[in-house]
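Q: Each chain, letter by letter, is given below.
4 protein chains.
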Amino acid sequence: MWNNHGMPLSDDQAREIEAQRAAAVPTRRGTVPALAAMLFEPFPVLDHGFVRVVDYMGADESVVQAARVSYGKGTRKISDDRGLIRYLLRNAHTTPFEMCELKLHVKLPIFVARQWVRHRTANINEYSARYSVLDKEFYLPQQEVIGIQDARNRQGRGRTVSPDQAKRVLEILKQDAETTYAHYEELLAPTPSAGGAPEDAEPLARELARINLPVSFYTQWYWKIDLHNLFHFLRLRIDPHAQHEIRAYGEAIARVMEAWVPLCWEAFTDYRLQAVNLSRVEAEIVRRLLRGEPAGSWAAELSKRERDELAEKLGIDPARLG
Amino acid sequence: MWNNHGMPLSDDQAREIEAQRAAAVPTRRGTVPALAAMLFEPFPVLDHGFVRVVDYMGADESVVQAARVSYGKGTRKISDDRGLIRYLLRNAHTTPFEMCELKLHVKLPIFVARQWVRHRTANINEYSARYSVLDKEFYLPQQEVIGIQDARNRQGRGRTVSPDQAKRVLEILKQDAETTYAHYEELLAPTPSAGGAPEDAEPLARELARINLPVSFYTQWYWKIDLHNLFHFLRLRIDPHAQHEIRAYGEAIARVMEAWVPLCWEAFTDYRLQAVNLSRVEAEIVRRLLRGEPAGSWAAELSKRERDELAEKLGIDPARLG
Amino acid sequence: MWNNHGMPLSDDQAREIEAQRAAAVPTRRGTVPALAAMLFEPFPVLDHGFVRVVDYMGADESVVQAARVSYGKGTRKISDDRGLIRYLLRNAHTTPFEMCELKLHVKLPIFVARQWVRHRTANINEYSARYSVLDKEFYLPQQEVIGIQDARNRQGRGRTVSPDQAKRVLEILKQDAETTYAHYEELLAPTPSAGGAPEDAEPLARELARINLPVSFYTQWYWKIDLHNLFHFLRLRIDPHAQHEIRAYGEAIARVMEAWVPLCWEAFTDYRLQAVNLSRVEAEIVRRLLRGEPAGSWAAELSKRERDELAEKLGIDPARLG
Amino acid sequence: MWNNHGMPLSDDQAREIEAQRAAAVPTRRGTVPALAAMLFEPFPVLDHGFVRVVDYMGADESVVQAARVSYGKGTRKISDDRGLIRYLLRNAHTTPFEMCELKLHVKLPIFVARQWVRHRTANINEYSARYSVLDKEFYLPQQEVIGIQDARNRQGRGRTVSPDQAKRVLEILKQDAETTYAHYEELLAPTPSAGGAPEDAEPLARELARINLPVSFYTQWYWKIDLHNLFHFLRLRIDPHAQHEIRAYGEAIARVMEAWVPLCWEAFTDYRLQAVNLSRVEAEIVRRLLRGEPAGSWAAELSKRERDELAEKLGIDPARLG
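Protein chains in written order, with my numbering: chain R, 253 to 574; chain S, 253 to 574; chain H, 253 to 574; chain Z, 253 to 574.
Read the hints as simulated data drawn from the structure, not as lab findings.
Every residue gets a Cβ at the ideal spot worked out from N, C-alpha and C, and that includes glycine.
Take the hints with a grain of salt, since some may be wrong.
Over the 10 Å line for every Cβ pair with chain S, so calculated as not near, a few chain R residues [claimed, not checked]:
{"id": "1", "residue": "Lys355"}
{"id": "2", "residue": "Glu451"}
{"id": "3", "residue": "Ala511"}
{"id": "4", "residue": "Leu525"}
PhoX-like cross-link-like pairs, simulated, lysine-lysine; straight-line CA separation at most 25 Å [as the list claims (entries may be wrong)]:
{"id": "5", "chain 1": "Z", "residue 1": "Lys426", "chain 2": "R", "residue 2": "Lys388"}
{"id": "6", "chain 1": "S", "residue 1": "Lys388", "chain 2": "H", "residue 2": "Lys565"}
{"id": "7", "chain 1": "R", "residue 1": "Lys556", "chain 2": "Z", "residue 2": "Lys426"}
{"id": "8", "chain 1": "S", "residue 1": "Lys426", "chain 2": "H", "residue 2": "Lys565"}
{"id": "9", "chain 1": "R", "residue 1": "Lys426", "chain 2": "Z", "residue 2": "Lys565"}
{"id": "10", "chain 1": "Z", "residue 1": "Lys426", "chain 2": "S", "residue 2": "Lys565"}
{"id": "11", "chain 1": "Z", "residue 1": "Lys388", "chain 2": "Z", "residue 2": "Lys426"}
{"id": "12", "chain 1": "S", "residue 1": "Lys388", "chain 2": "S", "residue 2": "Lys419"}
{"id": "13", "chain 1": "R", "residue 1": "Lys419", "chain 2": "R", "residue 2": "Lys388"}
{"id": "14", "chain 1": "H", "residue 1": "Lys426", "chain 2": "S", "residue 2": "Lys426"}
{"id": "15", "chain 1": "Z", "residue 1": "Lys388", "chain 2": "Z", "residue 2": "Lys419"}
{"id": "16", "chain 1": "H", "residue 1": "Lys565", "chain 2": "R", "residue 2": "Lys565"}
{"id": "17", "chain 1": "H", "residue 1": "Lys388", "chain 2": "H", "residue 2": "Lys426"}
{"id": "18", "chain 1": "S", "residue 1": "Lys426", "chain 2": "S", "residue 2": "Lys388"}
{"id": "19", "chain 1": "H", "residue 1": "Lys388", "chain 2": "H", "residue 2": "Lys419"}
Put together the whole structure using the sequences plus the hints.
A: Below you can see the structure in the form of structure tokens.
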């Protein structure tokens, strides 16, 4: 089990998980063997984080089942499940996907958690640093993802820094995390000064002591979301523009989704992740090129950057866009 | 099975349900035997409606599990599950209850569906009368719930009408439902007039033909909701001020909840359903009465109706409120 | 004013609207003259419906203002408002659009209302037929939109029926609406039979009497939604696959949006309404065609119907798709 | 203006706000003079934070207006606005309150922001530390709110620490915030080492550099919410169990609400903030006491702590509860 391999699962958590995995009772609810196999098992993410499937409701079949309620005999013609699921996603009939639900236990740095909660259509129970003491666990990036500020993409990361600079970055991050955590511990359990009054050394309220900790520290939560909203989450969070660290979680969850609802995952890949969206102007340019005409004045409506992006999407030489 | 007892389940539905009930596979997910026993089984509601559990996620234990993530070691002191669940509900810590989810298949009159959808924090897949043809099933109230307009409660139902009047009410409702349905069928499959052109007798679009049907006709949907929002739904919909017909569904779902999460149900009953809410003024009056003082000028801030309601809540003679 | 032109605004409503329009006070909040000019003025929709702007918050500038909070100095480079709004929509940065809010008063047939409420991220106050009596107003389609059931599109309307058949359709719809409404009135105010007891002729509860009315009857509501969710509503509801009747409302609201936030409307048109979405396979086919290669085996992954739709999107001969 | 008084508003922000305040145009939308007077003006909160009204939609009258749509002529009887608003809140008819909307600009420490976002039914645009550089502004508590960990309330703050301990707490918090910020600046603009290569001193990506900063640093956002959900936010966040720092924001927003919708605020105070909720058991005890009977075995169902809390709510001697 994970915590036997140096992973950051507490002994209590490990015991509880082991117990859950041991017990199996018969159920007539829909089950997914591939997902059942990974139930309760933490997938490591970043240096101390994880994603762990706690429970799920539904499967590919549940999407089909819900759609058949909606469309009644109208769905008979689309004879197989795969065809129906693809039809639904292609035509933005998204409510049947809301009939599946996934519950995860996630351990993640606070700055990742801050991006994550912007997805409001989900349920969250987060570890409370008002009630309990945070562990000494903070995120340090691996050297290869320590990048400079991208010059063009204002929110992005450019090339990896030199080994020397990386060393200095990690030194700073580590040192500050350790100093602030040592201070956190001191605030929670102050040492009485020699001859000092005992009331000068009482534990500070946890809700105050924790304000000293950097956003690189790990928190954890239970997170529950339906499949439709999970599509949306993944679409934004495994996008190359998402910050590397949340993308690592997105990728782990994508593997879970693939095991859980393989037909939905395939349709999601084809109609969302790997789809190409053309704006009104871009679509008109494509129509002209397909007719053998030059892009002409239409191309002028796009900026240089937009033309480059379009050429890349279409796999053509940017020169064809004027 | 229900449809063998004259209940309105189609043969197809019955066969599908039978198949689901027959198959059972082992699972390590949390299960609730009492709810498992009623899985897929329709509970009759009104004359043609039903409520049927399709799936569920979580149990009393899941609420506790989620709370322990939030409060960490802070929850150790509240030693048992029942105590923790009651603590959570008493103190409006509602997010752990969102970790349970229930999926129902419901058949209900359109006018009930219209009230039901006002609860927006739920997922719905409704039978579409644009795609498919509605069955000839409409709601006729039982005689004892045919009431006159309440004089005081502007949205309510007063005493039952006389048998003669009830007969006339049912006659009207039945006759109009049958006439409009016959016309619906005619619109969908017009009879060519003698010598008429065949293009004068083509089926009208289903989305148009159905606009003729009264809101007493039955529709059906899959409905999925988390436990916290289900509390809210039930609190409003099994209230005496809710319309009788939606209350009948609320009562059926309350039975499901009781079997599913008995500890949550008990806490919900104690802290919500049977709780008494006192406004600032009412609380002050109670304080005075408990001190042995008259309600005095405080009572004058309430209307006659509010005083009567307060006396009833407190089980005292209205005269004590001046 | 509208009700002076035979439109279905009650005298009370007309007076109230007149009073609102007369009073103007100075404000430092953002205002939009083009929308201010249409404030409170009902736009007729269908035969008895309307859409009326009651209030609004924000304008194009508010989207920009909110984005600049998010991106700070990062937004300086995108120098003008139009460019920033287009950038936001192109890159699915949707939260700034949530900072604008629109409140409408809408009168609409019940079957349209039933489709409308599926958009859950909005606020609604609907006229209650439990409290009040519905007016005798029901929807009758104009002859040119009375269509047959489409053979291919199972939820759609095909060609217009013949004048003879249209006449019969309207006859049925009108007659049933009038009969049921007459019965509704009788249930609400029964005539005592000769020699009958007065208690045999008391008004039936309004909440029961109304179950007799067809879904073609009009209801009304206040509806409030933010701009991001309004984009979503319009995208689905002015789509050719939406039912004609709700599309009529969508078109009216689109005119309101255009007056209110012209830059957002333009971006929405370019990046959503008139955008073309290509699936993974479709995108690959386009890339091959642009390279001068045949679609080949890729085309075989699409059904005949999908190939036809793709050819139409691209403005090419379906034969090129094999 | 605020920034002239040493308050943390940037010059740019100050100029923009001044310009907005200067311009006033006539509008026929509902306005609230008391709120208009405070439009754009920041209210200081904590040491560097603020709450600032950016825009609003609706007023007390809008709640009434929406309710009258719902209840039609049914609302005539409740003759005045105040009565209707109180009736709505007393009976949990909450949708009319959703028709009012408030938009705030808030500057707040990250740990407060983390609690705040748990209210999901609101719109947020937050300053992005991926795009832009955070200012050197962090929260230091005033000495009188530096409290020890409460022994009984596991999430709370007990008595104030001694001046000596407070000094040490502030020293730690200040020193760590300054050190981490200095390092943040170094990461963003590293000094080339003597003889070092220039590529060893390129700015680190902002999204990485910021992970070093403690949660005491300030962020800012635009926040938009409807009145119904604002009730809920305030009820939880001005409660004595809320953390002191978010309560300070709650109190500032409460002053805004009072100016904006005075009748709603009064009703909210009477029926929510100062209301007393009695559980099933507590209500039964009150009934017995009012009948002059002892609480008896009912009191035994409550814990010592619950009995104390009940006695306090009722203003009676705990001994009366056995």
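Q: For every hint, state whether the structure bears it out.
A: Evaluation of the provided hints:
| no. | hint | verdict |
| --- | --- | --- |
| 1 | Lys355 | violated (7 Å) |
| 2 | Glu451 | holds (24 Å) |
| 3 | Ala511 | holds (15 Å) |
| 4 | Leu525 | holds (23 Å) |
| 5 | Z/Lys426 / R/Lys388 | holds (21 Å) |
| 6 | S/Lys388 / H/Lys565 | violated (41 Å) |
| 7 | R/Lys556 / Z/Lys426 | violated (47 Å) |
| 8 | S/Lys426 / H/Lys565 | violated (50 Å) |
| 9 | R/Lys426 / Z/Lys565 | violated (50 Å) |
| 10 | Z/Lys426 / S/Lys565 | violated (55 Å) |
| 11 | Z/Lys388 / Z/Lys426 | holds (11 Å) |
| 12 | S/Lys388 / S/Lys419 | holds (21 Å) |
| 13 | R/Lys419 / R/Lys388 | holds (21 Å) |
| 14 | H/Lys426 / S/Lys426 | holds (19 Å) |
| 15 | Z/Lys388 / Z/Lys419 | holds (21 Å) |
| 16 | H/Lys565 / R/Lys565 | holds (17 Å) |
| 17 | H/Lys388 / H/Lys426 | holds (11 Å) |
| 18 | S/Lys426 / S/Lys388 | holds (11 Å) |
| 19 | H/Lys388 / H/Lys419 | holds (21 Å) |
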